[in-house]
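Trainee: Sequence:
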Amino acid sequence: MTQSSLKSFRDTVEAVVVALLLAFVIRAFVVQAFKIPSGSMLETLQIGDHLLVSKFAYDVRLPSTIWLDTTDGKVLYKTGDPERGDIMVFKFPLNENQDFIKRVIGLPGETIEIRNKVVYIDGQPIDEPYVIHTKADNIPVRDNFGPFIVPEDEYFMMGDNREGSHDSRFWGTVKRSKIVGKALIIYWSWASVTDIRFNRIGTIFD
1 MTQSSLKSFR
11 DTVEAVVVAL
21 LLAFVIRAFV
31 VQAFKIPSGS
41 MLETLQIGDH
51 LLVSKFAYDV
61 RLPSTIWLDT
71 TDGKVLYKTG
81 DPERGDIMVF
91 KFPLNENQDF
101 IKRVIGLPGE
111 TIEIRNKVVY
121 IDGQPIDEPY
131 VIHTKADNIP
141 VRDNFGPFIV
151 PEDEYFMMGD
161 NREGSHDSRF
171 WGTVKRSKIV
181 GKALIIYWSW
191 ASVTDIRFNR
201 IGTIFD
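Under the UniProt record's numbering, think of the first position of the sequence shown as 1, with each following residue one higher.
No lab work stands behind these hints: they were computed from the structure.
Virtual Cβ for every residue (Gly too), placed ideally from N, Cα, C.
Among the clues, some could well be false.
As the list claims (entries may be wrong) - No farther apart than 25 Å at their CA atoms in a straight line, the calculated lysine to any residue pairs in the SDA-like style are these:
(1) K117 - N97
(2) K135 - E154
(3) K35 - I139
(4) K175 - K135
(5) K135 - L42
(6) K91 - K135
(7) K117 - S54
(8) K175 - T2
What the hints assert, rightly or not - FRET-style restraints, in silico, Cβ to Cβ:
(9) I201 - N116: 32 to 42 Å
(10) T2 - I196: 29 to 39 Å
(11) D206 - V118: 16 to 26 Å
(12) A136 - D195: 40 to 50 Å
(13) F92 - T2: 47 to 57 Å
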């Protein structure tokens with residue numbers, strides 16, 4: 001191998017290593033891609049939406065692969081607190097190998113109750129213009145729940161498609177340490193390879 005070809009090979013390896021390191025840092029600390037696999041967040045999120053999730057919206061953490069003493073990663077800096085209405089990705093409490101996406105409904109210390117499909121926080125009904133109902137029947141747990149006090153540092157999550165969502169009504173609250181990040185923007189959306197939803201691309205979540 002000539003000196004020039006050796007230098008070219010070395011430059012290529014360095015470029016690949018730098019790219020991999022940047023990709024790791026971005027995924028670990030900045031944003032992560034997430035695909036919507038189900039209709040639990042209809043109509044807000046459609047099956048086939050692809051999101052970027054901000055990983056520093058609430059906490060800046062060391063990745064768990066680096067911080068070996070905990071599966072959640074050490075918090076380096078607290079950047080904010082989840083608010084009601086935020087759309088969040090989190091580790092599913094019953095199987096942390098799965099990521100779920102739902103909306104924050106109940107905050108730590110609040111009393112949540114559902115009466116005939118209407119959500120009450122501390123005794124007051126809340127306005128939920130994003131919710132859809134697909135069934136008129138009224139059954140326990142799904143449509144009538146609580147009252148339940150949300151534990152400290154935990155969040156009560158619900159899907160916007162209330163009759164089609166498996167959420168905190170059934171498996172409990174989400175610990176802050178299990179939050180992956182906050183939905184940021186839809187960067188791609190399609191129903192199929194021949195049905196690209198251009199009107200959804202670029203949708204930003206507050």
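Trainee: Run every hint past the structure and note whether it holds.
Mentor: For each hint, the structure was consulted:
1. K117 - N97: 31 Å, violated
2. K135 - E154: 29 Å, violated
3. K35 - I139: 30 Å, violated
4. K175 - K135: Roughly 30 Å between the alpha carbons, so the hint for K175 and K135 is violated.
5. K135 - L42: Answer holds: K135 to L42 is near 14 Å, not above 25 Å.
6. K91 - K135: Distance of about 28 Å is beyond 25 Å: violated.
7. K117 - S54: Violated, at roughly 31 Å.
8. K175 - T2: Since the Cα atoms of K175 and T2 sit roughly 57 Å apart, the hinted pair is violated (cutoff 25 Å).
9. I201 - N116: 32 to 42 Å: Once the Cβ atoms are compared, 37 Å apart, the range 32 to 42 Å for N116 and I201 holds.
10. T2 - I196: 29 to 39 Å: 47 Å, violated
11. D206 - V118: 16 to 26 Å: Check passed, 24 Å falls within 16 to 26 Å.
12. A136 - D195: 40 to 50 Å: 30 Å, violated
13. F92 - T2: 47 to 57 Å: Taking Cβ atoms as reference, F92 and T2 lie about 55 Å apart, which means the hint holds.
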